[in-house]
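Visitor: Spelled out, the chains give:
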Amino acid sequence: MISIVDYGIGNIQAFLNLFGRLGISVKRACTAEDLKGSNHLVLPGVGHFDHAMKSLNKSGMKKPLEELVLGLKIPVLGVCVGMQMLSNGSDEGSMQGLGWVPGRVRAFKKNPKTSPLPLPHMGWNTLSSKNSDFIFNNDYKESLQFYFLHSFYFDAEDKADVSATCYYGFNFDAAVSRKNIHGVQFHPEKSHKWGEQLLKNFTEL
Amino acid sequence: MLRPRIIPCLLIYKGALVKTQGFKDPKYVGDPINAVRIFNEKEADELIVLDIGATVNSMQPNFNLIEKLAAECRMPLCYGGGVTSVEQAVQLVDMGVEKVAVSAAAILKPSLLREIVAAVGSQSVVAVVDLYKKNNSFLKSYELCSHNAKKFYNDNPFTLMQSFQEAGVGEIVINSVDRDGLMQGYDLDLARQVKSKVKIPLTFLGGAGSHEHLKDLISQVGTIGVAAGSLFVFKGSYRAVLINYPTPEQKIEICQEALRTNNIKGDFFV
Chain W
1 MISIVDYGIG NIQAFLNLFG RLGISVKRAC TAEDLKGSNH LVLPGVGHFD
51 HAMKSLNKSG MKKPLEELVL GLKIPVLGVC VGMQMLSNGS DEGSMQGLGW
101 VPGRVRAFKK NPKTSPLPLP HMGWNTLSSK NSDFIFNNDY KESLQFYFLH
151 SFYFDAEDKA DVSATCYYGF NFDAAVSRKN IHGVQFHPEK SHKWGEQLLK
201 NFTEL
Chain H
1 MLRPRIIPCL LIYKGALVKT QGFKDPKYVG DPINAVRIFN EKEADELIVL
51 DIGATVNSMQ PNFNLIEKLA AECRMPLCYG GGVTSVEQAV QLVDMGVEKV
101 AVSAAAILKP SLLREIVAAV GSQSVVAVVD LYKKNNSFLK SYELCSHNAK
151 KFYNDNPFTL MQSFQEAGVG EIVINSVDRD GLMQGYDLDL ARQVKSKVKI
201 PLTFLGGAGS HEHLKDLISQ VGTIGVAAGS LFVFKGSYRA VLINYPTPEQ
251 KIEICQEALR TNNIKGDFFV
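Each protein sequence line maps, in turn, to chains W and H. Its first residue numbered 1, the first sequence is counted upward by one per residue in the numbering used here. Its first residue numbered 1, the second sequence is counted upward by one per residue in the numbering used here.
Here chain W stands alone, though its shape is the one from the complex:
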């Protein structure tokens, strides 16, 4: 069973619909109790980093999530701000991140390579492969592209954790994988067949 972690933020419905269409059993998890029996987790997120962290802390699911992810080592996928929450913290706010993937979330507007570009980074972009089967094992290799919508980016401390980069003024870390912990900055749930395949691959990890 895949659980979509619903702490009040993000497009839960889009994930439920997508996994539903794929015929993969999925549920919305709003409480610690709901998380029981999960063997995959999706952690969505949009908006302000601090708001997302506060909401997760308040949901009472942070501790059980840690037990599942760090203790039982079940695969987790953070999406957009959900990926950023895997870090130690973000320049967007002052809250601590989950700290599951060492790194810091930084602002494009503070980076001289991206500050002259239109921000947020919005639209369909391609990825450069590092080494991630679940992202690049795709029937659509030629045309592989994903929808991005963000002003902040993940800067992994250990670049061995980076599974894909994306070019916007420079190559930023667009996806991270550290053992069972994964994160993607783009929105697979809004990326047509390319995202659908990625999420299907994730459930097979």
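Possibly wrong hints are sitting among the right ones.
To be verified - What follows is a list of derived Cβ distance ranges for each label pair:
id	chain 1	residue 1	chain 2	residue 2	range
1	W	N137	H	E249	35 to 45 Å
2	H	A71	W	D155	27 to 37 Å
3	W	D133	H	E249	22 to 32 Å
4	W	S94	H	G236	50 to 60 Å
Claimed, not checked - Result set (DSBU-like, lysine-lysine): computed pairs, CA atoms no more than 30 Å apart in a straight line:
id	chain 1	residue 1	chain 2	residue 2
5	H	K42	W	K193
6	H	K251	W	K141
7	H	K215	W	K113
8	H	K195	H	K215
9	H	K133	W	K200
10	H	K195	W	K113
FYI, nobody ran anything at the bench for these hints, they're computed from the structure. Predicted model, so just to flag it, every value in this text is computed and none were measured. Glycine included, C-beta positions come from ideal geometry on N, C-alpha and C.
Got chain W sorted already, so can you dock chain H onto it with the hints?
Guide: Chain H only, in chain W's frame:
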């Protein structure tokens, strides 16, 4: 490499899909949910849905319909029409709308955009600016309007767009009222002017009648959003309803100038 976005814009009136000309005479073109399904199949880059009956009738967004649209939509969705408060914006985002568009309310209450940005983040806030080109003077100028071009304002549109940018919105959609439904091409002059004055992502709407028109605009102003209503819902000079969208090959052709320039510069038009 980031590429331009090609965006169908669907108009909703009393729950039905319609298309206007010059913001008038809404013609029934079908069921919105069905249209979303077709654009899913065609892998549209994004979708803009505007409820043109909401603001003029002082109604709030039709959350029932929007929830269904968002659930069906497999691409990013931008919704506009009747959004006047932070609470509504939050509710829309929670329903799965990626971008909330605000127009009249942002002009009437300048602090509103800043408040919505604080609640849902820059990336989820779009300002829609309706502009009417004045033809009766020697001086080319654009008049700002809202409420389906029934209400006009004295504000300088470019100053207003810059203030929206300051407020932190993630995107501005510029809608050429005088070209709506005419299918004779975008106002390229306006697009160039806006592009030189505004730094955030831009989308232009109003006037597209062919893939050539999309290509013209992209060649002029680069990596932007090109939106169209009539082009993607009508076929032929009799305006027969037929939902359509460029194929992947046609997309490359339409965007080639921006892709070529991005490749050479390794970057974007800035």
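Visitor: Each hint needs a verdict: does it hold in this structure or not?
Guide: Here is how each hint holds up against the structure:
For N137/W and E249/H, the hinted distance range of 35 to 45 Å is not satisfied, since their beta carbons lie about 25 Å from each other. About 34 Å separates the C-beta atoms of A71/H and D155/W, a value consistent with the hinted range of 27 to 37 Å. At about 29 Å, the CB distance of D133/W to E249/H agrees with the hint of 22 to 32 Å. Judged by the Cβ atoms, the range 50 to 60 Å given for S94/W and G236/H holds: they are separated by roughly 58 Å.
Our distance criterion of 30 Å between C-alpha atoms is met by K42/H and K193/W, whose separation comes to about 11 Å. Taken as a hint, the K251/H and K141/W pair is honoured in the structure, with Cα atoms around 18 Å apart against an allowance of 30 Å. At roughly 28 Å between alpha-carbon atoms, K215/H and K113/W fall within 30 Å of each other, so this suggested pair holds. Taken as a hint, the K195/H and K215/H pair is honoured in the structure, with Cα atoms around 16 Å apart against an allowance of 30 Å.
Restraint check: the Cα-Cα separation between K133/H and K200/W comes to about 49 Å, which exceeds 30 Å; the hinted pair is violated. Of the pairs offered as hints, the one joining K195/H and K113/W holds, with about 20 Å between alpha carbons and a cut-off of 30 Å not exceeded.
The structure does not agree with the numbered hints 1 and 9 stated previously, though it agrees with the rest.
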